[in-house]
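Asker: Here are the chains, one letter per residue:
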Amino acid sequence: MTIAATEPMPAPGDPRPLFGAYGIVKRFGAFTANDRIDLEIRAGEIHALLGENGAGKSTLMKILYGLLEPTAGVVTHRGEVVRLRNPEAARRLGIGMVFQHFSLCANLTVAENIALVMGKGLGRRALADRIAALGRTYGLHLDLDRPVWSLSAGERQRIEIVRCLLQDPKLVILDEPTSVLTPGEAEKLFTVLERLRDEGRALLYISHRLDEVRRLCARATILRGGRVVGACDPRAESAGSLAALMVGAPVRALTREAAPARSAPAGPERLRLDRLSLPAPGLHATGLRDISFSVRGGEILGIAGIAGNGQSELFAALSGEARAPEAGAVRIDGTPAGRLDINARRRLGAVFVPEERNGHAAAPGLSLSENVVLSRYATASLTRFGLVRRGAARALAARVIAAFDVRKAGPDPAAGTLSGGNLQKFVVGREILGEPGVLVVDQPTWGVDAAAAARIRQALIDLAARGSAILMISQDLDELFAIAGSIAVLQAGTLSRAVARAETTREAVGLLMGGSGGPPPGGHTGTPAGRSREGDSHAT
Amino acid sequence: MRLDLVPRPGRAPLAALLAPALAFLASVLLGGVAVALLGVSPAAAFAAYFIAPLSELWSLQEIAVKAAPLALIATGLAFCYRANLWNIGAEGQFVVGGLAGGCVALATQGSAGFTFWILPTMLVAGTLAGIAYAMIPAVLKVRLGVSEILTSLMLVYVAELLLDYMARGPLRDPAGYNFPQSVPFDAAARLPYLMEGETLHAGVLIAFASVVLATIVLGRTLFGFEVRVVGASPRAARFAGFSEARLTLAAFAVSGGAAGLAGIAEVAGQIGQLQPTISPGYGFTAIIVAFLGRLSPPGILVAALVIALTTIGGEGAQIDLRLPLDLTRAFQGVLLAFVLGADVLTRFTVRLVPGGAR
Numbered sequence: 000m001t002i003a004a005t006e007p008m009p010a011p012g013d014p015r016p017l018f019g020a021y022g023i024v025k026r027f028g029a030f031t032a033n034d035r036i037d038l039e040i041r042a043g044e045i046h047a048l049l050g051e052n053g054a055g056k057s058t059l060m061k062i063l064y065g066l067l068e069p070t071a072g073v074v075t076h077r078g079e080v081v082r083l084r085n086p087e088a089a090r091r092l093g094i095g096m097v098f099q100h101f102s103l104c105a106n107l108t109v110a111e112n113i114a115l116v117m118g119k120g121l122g123r124r125a126l127a128d129r130i131a132a133l134g135r136t137y138g139l140h141l142d143l144d145r146p147v148w149s150l151s152a153g154e155r156q157r158i159e160i161v162r163c164l165l166q167d168p169k170l171v172i173l174d175e176p177t178s179v180l181t182p183g184e185a186e187k188l189f190t191v192l193e194r195l196r197d198e199g200r201a202l203l204y205i206s207h208r209l210d211e212v213r214r215l216c217a218r219a220t221i222l223r224g225g226r227v228v229g230a231c232d233p234r235a236e237s238a239g240s241l242a243a244l245m246v247g248a249p250v251r252a253l254t255r256e257a258a259p260a261r262s263a264p265a266g267p268e269r270l271r272l273d274r275l276s277l278p279a280p281g282l283h284a285t286g287l288r289d290i291s292f293s294v295r296g297g298e299i300l301g302i303a304g305i306a307g308n309g310q311s312e313l314f315a316a317l318s319g320e321a322r323a324p325e326a327g328a329v330r331i332d333g334t335p336a337g338r339l340d341i342n343a344r345r346r347l348g349a350v351f352v353p354e355e356r357n358g359h360a361a362a363p364g365l366s367l368s369e370n371v372v373l374s375r376y377a378t379a380s381l382t383r384f385g386l387v388r389r390g391a392a393r394a395l396a397a398r399v400i401a402a403f404d405v406r407k408a409g410p411d412p413a414a415g416t417l418s419g420g421n422l423q424k425f426v427v428g429r430e431i432l433g434e435p436g437v438l439v440v441d442q443p444t445w446g447v448d449a450a451a452a453a454r455i456r457q458a459l460i461d462l463a464a465r466g467s468a469i470l471m472i473s474q475d476l477d478e479l480f481a482i483a484g485s486i487a488v489l490q491a492g493t494l495s496r497a498v499a500r501a502e503t504t505r506e507a508v509g510l511l512m513g514g515s516g517g518p519p520p521g522g523h524t525g526t527p528a529g530r531s532r533e534g535d536s537h538a539t
Numbered sequence: 000m001r002l003d004l005v006p007r008p009g010r011a012p013l014a015a016l017l018a019p020a021l022a023f024l025a026s027v028l029l030g031g032v033a034v035a036l037l038g039v040s041p042a043a044a045f046a047a048y049f050i051a052p053l054s055e056l057w058s059l060q061e062i063a064v065k066a067a068p069l070a071l072i073a074t075g076l077a078f079c080y081r082a083n084l085w086n087i088g089a090e091g092q093f094v095v096g097g098l099a100g101g102c103v104a105l106a107t108q109g110s111a112g113f114t115f116w117i118l119p120t121m122l123v124a125g126t127l128a129g130i131a132y133a134m135i136p137a138v139l140k141v142r143l144g145v146s147e148i149l150t151s152l153m154l155v156y157v158a159e160l161l162l163d164y165m166a167r168g169p170l171r172d173p174a175g176y177n178f179p180q181s182v183p184f185d186a187a188a189r190l191p192y193l194m195e196g197e198t199l200h201a202g203v204l205i206a207f208a209s210v211v212l213a214t215i216v217l218g219r220t221l222f223g224f225e226v227r228v229v230g231a232s233p234r235a236a237r238f239a240g241f242s243e244a245r246l247t248l249a250a251f252a253v254s255g256g257a258a259g260l261a262g263i264a265e266v267a268g269q270i271g272q273l274q275p276t277i278s279p280g281y282g283f284t285a286i287i288v289a290f291l292g293r294l295s296p297p298g299i300l301v302a303a304l305v306i307a308l309t310t311i312g313g314e315g316a317q318i319d320l321r322l323p324l325d326l327t328r329a330f331q332g333v334l335l336a337f338v339l340g341a342d343v344l345t346r347f348t349v350r351l352v353p354g355g356a357r
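Just so you know, the protein sequences line up as chains A and B, in that order.
Be aware that the first sequence starts at 0, since it is given in numbering that gives the first Met the number 0, and climbs by one per residue.
Be aware that the second sequence starts at 0, since it is given in numbering that gives the first Met the number 0, and climbs by one per residue.
Worth flagging that the hints you see were computed from the coordinates, not collected in a lab.
Note that the coordinates shown come from a computational prediction; the quantities given were computed from them, not determined experimentally.
A portion of the hints provided could be inaccurate.
To be verified - To give an idea of the interface, some chain A residues facing chain B are shown, with a C-beta separation under 7 Å as derived from the structure: (1) Glu111; (2) Leu115; (3) Leu165; (4) Ile341; (5) Glu354; (6) Gly358; (7) Gly364; (8) Leu373; (9) Thr378; (10) Thr382; (11) Gly385.
The C-beta atom is built at its ideal place from N, Cα and C for all residues, glycine as well.
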């Protein structure tokens, strides 16, 4: 059934689906992003769409939201063929969308961004009232007059969710909605979603977090390579079996043997922050207050926290993109480095992997070999007499590509043409291949498919096992508990004491992330038993 | 109805080469229509514009002599524009370079004996003056965040008026019957002609050498890499440890120096004395040349030759066919629009989406 069916096929025994997509094909040039996809979404269900990066989920969602027109195939609404020429047409049919990559105008305020999609006829005051009401109902609080550029990723996502809910949609498409929420906030969101479902709405839920899918969804459609490869009831599956369906092979389990020992590792102190305080670099950025920690060789220290609590600022202070007031506030292998620039710190054996792949860790318009030069020219002898040694850069890029199984088109393509997971493998590999003494990484696997994430995490574990110190900033608790030896929480610019992984729980970390743990980390009560001791020798 | 630009997956190298040629062809056809509407035979106009200038030695030399300052200035500007720095004031840096180098020539007027150092000193003085003049908007931008677009543009008029004053006042030839111009330079202060009795002078070689050098610097050196990264991804540039302030100063220095060198090369080559006006707007035309050449030095060389050709051809067409000189400017504008448009079409396919209001 290639192009097909002008008549939608009714699902036997069931009422006609609220929305259906049949035989959807979408080609971009020679690349087929969606290949004969069928999908039915019924009212009153949360339907999961699973797949790796590049499996075609985003393309399918964009077709359902009228952002793309399919090359072939039809979309139906209650059995009638509809043509979604643009998002407005989709919205008129009651389709709302919460994007993973926010479609907000950074220069406008929160209120203006919301008004932008609400159309005419609703006054400012009335709109504000409705937003406030939604905020109360769902716990999605928004400061309406703040410009969007000043908001963190988490706050921006809140706008997207509120903006969508304001339209009173019949179908809500959610693309990785919990990626920036705390466990508590996510739980609240689930309540919202379940309420929406019980109200008879349909939800199409895309997430990499398989536990959430199993918790929420009664049906799942699994995509791989642009095709539907299976459908199942996720509640009847394990997270492992879902992941295996997605990637087409069992996901390599992390080799825990290589993971740092739970007790304090024996390596020397390699990265140390000593009472680092930095004023907020912007009006709405987060200042850092009195941050101290120490990471030893062989250790992975995880920094948990919700977006916008000082992660970017901490990363910049560690990398040298922001300088500390005193040299001694940052020490790399014992050398005071607080006043050094990023390349001087690299020469001390530190490497850095920022959160944003496109435009920070890598320049999307430059080729992969040029992107190797970007961060390694100061340490990998890639220049001679001011000339770039292009052969050496290409050789190093080839080593990264081979070692980290980076999939790409062409011999030396622009970084921006790689999929998220492959580019992330490339930027992590680029730094790890230099055998750094200290690695600082922010969100190592954000928006990365399961197979790539496993590979990156394994590489971090292996690097630590070779004696490097790793500082990992992450908002993903699964990730932190999978590979960090100890965990500290960054909240409103202050860092809690680092606690060994074995001696804390997700709930305890989650409470600290939400700020409910209180500044003295011993202060939180009501956490489950099994965590009798606070802190350990890592904290300073 | 709305137009969607869909990115092409790859960019064929052939298309990248063919696109400007097709754009040129389209501009010529459109120009032909305009000429026909003016009541002149398009074939005759085509011959006057594009054939006649290429068929005689003197006009070929004129093209080269006109293209040289355009290529030199535009090559320097490419460093700024690649780095997202908008130096609009190359005209002023050109004028100041010509004035400073000219002052050296006038100060050493009549020197006897060893005079071989005079010309190199003039070229260095012109270059340094261009750099110094470009440092004004650069430092204002780095230190105070002043828009370089405004400052560099306004400084053009300051430079032009300064030259005007100097040529009419302090530097005027006392024996020149009150003409507003300096004494003619000594032979030692002139760029040598490449052929006996012809107009082609050594400034052409300077421009060509600069284009070659710039190609290497932009494509192969760490500095060129820095320029490209700062322009394309400022945050990635900071991650690489490149300083935006330092690069701003460096890129302005390169473009100011190139414009200043072009200025003194024009004065010491073509003109041979200081006058109230030494540029027919080279510094502004070079902006078009820079973008026509897509900010790559070899492309700029070709673009400079094309613009020079149409300028010389336009003069011929004005004399022979009474076509207005404005037609040349209009043609140059159309050419730029078509080349930039063709550039977009090599990277995107255009799709007409019916109905969509958005």
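Asker: With reference to the structure, classify each hint as holding or not holding.
Answerer: Structure-based check of all given hints:
Checking A:Glu111 against chain B: minimum C-beta separation of about 18 Å lies over 7 Å; hint violated. Hint on A:Leu115 is violated. Least Cβ distance to chain B is approximately 12 Å, over the 7 Å limit. Checking A:Leu165 against chain B: minimum C-beta separation of about 19 Å lies over 7 Å; hint violated. Here the hint on A:Ile341 is kept, as its CB sits about 5 Å from the closest CB of chain B, short of 7 Å.
Interface hint at A:Glu354: violated, since its Cβ lies 11 Å from the closest Cβ of chain B, which is beyond the 7 Å cut-off. The criterion of a C-beta within 7 Å of any C-beta in chain B is met by A:Gly358, whose closest approach is roughly 5 Å, and the hint holds. The closest approach between the C-beta of A:Gly364 and any C-beta of chain B is roughly 5 Å, which is under the 7 Å cut-off, so the hint is satisfied. The interface hint given for A:Leu373 holds, since its Cβ lies 5 Å from the closest Cβ of chain B, which is under the 7 Å cut-off.
A cut of 7 Å between beta carbons decides the hint on A:Thr378: the least distance to chain B is about 11 Å, and the hint is violated. Among the interface hints, the one on A:Thr382 holds; its C-beta lies about 5 Å from the nearest C-beta in chain B, closer than the 7 Å criterion. Because the closest C-beta pair between A:Gly385 and chain B is about 5 Å apart, less than 7 Å, the hint holds.
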